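Participant: Could you build all of it, start to finish, from the sequences and the hints given here?
Read top to bottom, the protein sequences are chains A and B. Residue numbers for the first sequence, in the numbering used here: 1 to 150. Residue numbers for the second sequence, in the numbering used here: 1001 to 1263.
For the record, the hints were derived by calculation from the structure and aren't laboratory data. Nothing here was measured: the structure is a model prediction, and the numbers come from that model. There's no promise every hint is true.
Computed list of lysine-lysine pairs in BS3-like fashion (alpha-carbon distance at most 25 Å, straight line) [claimed, not checked]: (1) B:K1114 x A:K24; (2) B:K1053 x B:K1073; (3) B:K1073 x A:K24.
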Amino acid sequence: MEYVIQTLMGALGSVGFAVVFNTKGKRLGFFFLGGALAWAVYLLCVHNGASMFVGLMFATITAGLSSEILARVIHAPVLISLVPMLVPLIPGSDLYYCMDALIRSDKETFLVRGTSAITAASAIGLGIICTTAFSHIVFSIIRHMHRTAK
Amino acid sequence: MSTEELAQCSTDSPDAVLSCILDMGELLLTGGGEVFRVEDTLSRLCTAYGFQKINVFSITSSIVLTAECPDGKILTQTRRIVTRGTNLQRVAQVNALSRQLCVRPVSVAEFQKKLEDIRQERTYSKPVMAMGYALISCVFAVFFGGSWLDGFASAISGLVVFFAQQLIGRLRMNNLLENLLVSAFTALAVVLLVRLGIGHSPAKITIGNIMLLIPGIAFTTSLRDMINGDTISGLIGISEAVIKAIAIAIGFALVLVQMGGAL
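Facilitator: Laid out in structure tokens, this is it:
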């Protein structure tokens, strides 16, 4: 139940950021679903013993693939859907505790949380690159097949 | 427009055409578009308008564009990008316009009009934006383990973030100082809310607000830029994000040290 609430909250966060970033219309519903899906994948990975890095990477790949597909449905760049969908994955609490440790000059917590935030951001970055490369290859093949079919 | 007319257009006023193309890049960057998207879009547009030997170089704060006109003259224009935000609608619109122009280029006057239309595109009204801030704060306070009451408190301090940003933004001061003041106001609001008995955990309430302030998205996209090979843009983004985060931390520290007691 706790996880369901967390997932719903994360998805609402996606929609909130989409509004602040000035996206409009029925796309917001897709961002809700995408955000929820990404966080659900993360929870699933972590519960099955995967590390945070792997979990976040798979979650990012999920969000990335959803937005690659969505981009072709709504005819808008991938970025538009990807940024809101990734919002729940952003290491907000790590950044906060890192900052808090800095204020209290607690070097140990600062390092632990700081490393964790950088790891999370790298996992997301790597996930985005993997999806972009993958979809580039897939769509090139599809285009090529279309051309040879004609 | 036929190809001959088009060639005529870039020979008659190549400067104006190039300037319009750079405007597209500027709109993309100020709306939060990626660097590789800017470079790609500008090269495509230049090709569509009959320029040759196109060289585009862009980082997050500047664009340099050199191209050869059909008559052999070489032109260079640069654009400095000072402020950046995130306006995804704008990125989508520029992208759509660019696709349209690559298929069917239009005259300079029409190009300028279309650019102006994108610039004038309305953003959400202030009350809606404020509700967005409140929603984000509330959901992330709960998301990171706060109670519903913490969520409620966070929504209120989220509104404080919004109004503080609006107010302090008008003073047009240094970016760093602006972030410092906004976070100081937010910390003050959180401390007062908890003293009034609204919310249990100041840490969870603040995390909701931090999601609005801390450049988590900038941090993540900068790392992506670096992995992608746009090292300079990535470094600029990461440095900006880190400096901003420190400014925010100092803002919080100012209030918390005064109020005696950690979060």
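Participant: Against this structure, judge whether each hint is valid.
Facilitator: Checked hints:
Pair hint K1114 (chain B) plus K24 (chain A) holds up; C-alpha atoms about 20 Å apart against a cutoff of 25 Å. Between K1053 (chain B) and K1073 (chain B) the CA atoms are separated by roughly 11 Å; this keeps the pair inside 25 Å, and the hint holds. Using a Cα cut-off of 25 Å, the hinted pair K1073 (chain B) and K24 (chain A) is violated, with the two alpha carbons roughly 43 Å apart.
The structure fails hint 3 only (numbered hints given earlier).
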